[in-house]
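A.B. asks: Sequence:
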Amino acid sequence: MSFLRIQSLTDFPDALKGGVVAIGNFDGVHRGHQSVLSQAVNLAKANGVPATVLTFEPHPRTFFKPDAPVFRLTDAKTKAELLGSMGFDCVVEHPFDGNLSSTPAAEFVSELLVRQFGVSHVVTGYDFHFGKGREGSPKFLMQAGEEHGFSATIVTAFSDEGGDVVSSSRIRECLATGELAEANALLGYSCRVSGKVVKGAQLGRTLGYPTANISLPPEATLAHGIYAVRAKLADGTLKEGVASYGRRPTFDNGEVLLETFIFDFSGDLYDQEITIYLESWLRGEEKFDSAEALVEQMDKDSEEASAHLGTLGPEQGLWPVIHS
Numbered sequence: 001m002s003f004l005r006i007q008s009l010t011d012f013p014d015a016l017k018g019g020v021v022a023i024g025n026f027d028g029v030h031r032g033h034q035s036v037l038s039q040a041v042n043l044a045k046a047n048g049v050p051a052t053v054l055t056f057e058p059h060p061r062t063f064f065k066p067d068a069p070v071f072r073l074t075d076a077k078t079k080a081e082l083l084g085s086m087g088f089d090c091v092v093e094h095p096f097d098g099n100l101s102s103t104p105a106a107e108f109v110s111e112l113l114v115r116q117f118g119v120s121h122v123v124t125g126y127d128f129h130f131g132k133g134r135e136g137s138p139k140f141l142m143q144a145g146e147e148h149g150f151s152a153t154i155v156t157a158f159s160d161e162g163g164d165v166v167s168s169s170r171i172r173e174c175l176a177t178g179e180l181a182e183a184n185a186l187l188g189y190s191c192r193v194s195g196k197v198v199k200g201a202q203l204g205r206t207l208g209y210p211t212a213n214i215s216l217p218p219e220a221t222l223a224h225g226i227y228a229v230r231a232k233l234a235d236g237t238l239k240e241g242v243a244s245y246g247r248r249p250t251f252d253n254g255e256v257l258l259e260t261f262i263f264d265f266s267g268d269l270y271d272q273e274i275t276i277y278l279e280s281w282l283r284g285e286e287k288f289d290s291a292e293a294l295v296e297q298m299d300k301d302s303e304e305a306s307a308h309l310g311t312l313g314p315e316q317g318l319w320p321v322i323h324s
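The opening position of the sequence shown corresponds to residue 1 in this note's numbering, with each subsequent residue numbered one higher.
Think of the hints as simulated: they come from the structure by calculation, not from any bench. Think of the CB as a built atom: it goes at the ideal place given N, C-alpha and C, for glycine as much as any other residue. It cannot be assumed that every hint is accurate.
[As the list claims (entries may be wrong)] Per label pair, the in silico range of CB-to-CB distance:
hint, residue 1, residue 2, range
1, P249, K139, 44 to 54 angstroms
2, S151, D299, 55 to 65 angstroms
3, Q316, G208, 41 to 51 angstroms
4, Q272, P66, 44 to 54 angstroms
5, G163, G284, 24 to 34 angstroms
6, E285, L238, 20 to 30 angstroms
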């Protein structure tokens with residue numbers, strides 16, 4: 001059976017019942033999450049049962065504060081792709097709504113985990129809480145498992161080489177301040193954003209640098225500046241390039257866009273879905289005195305980006321590296 005992405009439990013196949021279920025938001029699928037998820041995959045393999053991820057859409061923080069949505073490190077589609085790469089059989093993107101948020105923790109266990117999933121083992125992080133008022137703690141989950149006949153593994157906090165806990169909020173802070181190398185190190189793979197290519201002011205064409213432009217959500221707090229990137233096109237082709245994220249202060253201070261100049265490419269990408277992998281932070285956004293000065297700097301940026309990207313292997317950083 002190929003990897004399944006499920007939005008409704010009515011679509012959950014009987015063949016996947018009785019397996020190991022990892023539960024959490026897993027925004028970013030970063031190294032801390034990977035320590036939880038890898039345990040679930042390894043347990044499932046050892047016991048010859050399916051491995052499923054139960055996650056929630058939208059992000060609970062966005063549900064409770066819709067006027068201040070959280071900056072998602074991975075949208076649902078990207079998260080699913082990352083989970084599939086780790087060896088899971090399925091991800092269930094359960095709707096996070098008023099109904100779920102008011103469900104008592106005991107009912108969450110009996111109805112969702114036991115009746116719907118027929119779960120044999122649950123794996124969560126140390127800080128996972130569930131049910132109305134967050135009454136379901138890791139201790140509650142373990143006790144409920146004893147009552148209902150499933151086992152539970154609670155994974156402790158994962159710290160980086162410096163001893164600091166890896167978290168989604170920490171990664172967001174790194175991205176906001178241009179500390180891309182640290183963000184990618186905490187993720188365990190290259191930060192990426194996806195979207196449909198839209199028409200901009202087409203200023204790049206007049207400068208000899210035509211770009212593929214995508215809009216990021218308004219809550220995105222990615223630092224404005226220049227990045228060395230790789231771009232995966234709709235046909236799966238992976239190309240190298242250099243990208244600018246910001247408002248183009250030399251020209252119009254307009255809408256915030258991610259504008260990517262793809263090396264050695266001349267096709268039409270409008271309305272196509274592309275993914276941009278942010279590989280290296282080159283510099284902050286600047287205002288230049290003239291278009292000529294900007295082009296001179298863009299030439300330098302392209303050379304620097306090309307030099308950095310030339311050190312990467314073909315698949316390096318595209319997916320998490322999972323250790324059994």
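A.B. asks: At the C-beta level, are G163 and G284 separated by a distance inside 24 to 34 angstroms?
C.D. replies: Given about 30 angstroms between the Cβ atoms, the range holds.
A.B. asks: With 55 to 65 angstroms as the target window, see if S151 and D299 comply at their CB atoms.
C.D. replies: Taking Cβ atoms as reference, S151 and D299 lie about 60 angstroms apart, which means the hint holds.
A.B. asks: Taking 20 to 30 angstroms as the stated bounds, is the beta-carbon spacing between E285 and L238 within them?
C.D. replies: With a Cβ separation near 26 angstroms, E285 and L238 satisfy 20 to 30 angstroms, so the hint holds.
A.B. asks: Given a hint of 44 to 54 angstroms, does the C-beta separation of Q272 and P66 actually sit inside it?
C.D. replies: violated, 30 angstroms
A.B. asks: Check the following: the C-beta atoms of P249 and K139 are separated by a distance inside 44 to 54 angstroms.
C.D. replies: Check passed, 53 angstroms falls within 44 to 54 angstroms.
A.B. asks: Can you let me know if the beta-carbon spacing of Q316 and G208 is within 41 to 51 angstroms?
C.D. replies: Violated - the Cβ-Cβ distance for Q316 and G208, about 30 angstroms, lies outside 41 to 51 angstroms.
The earlier numbered hints that this structure contradicts are 3 and 4.
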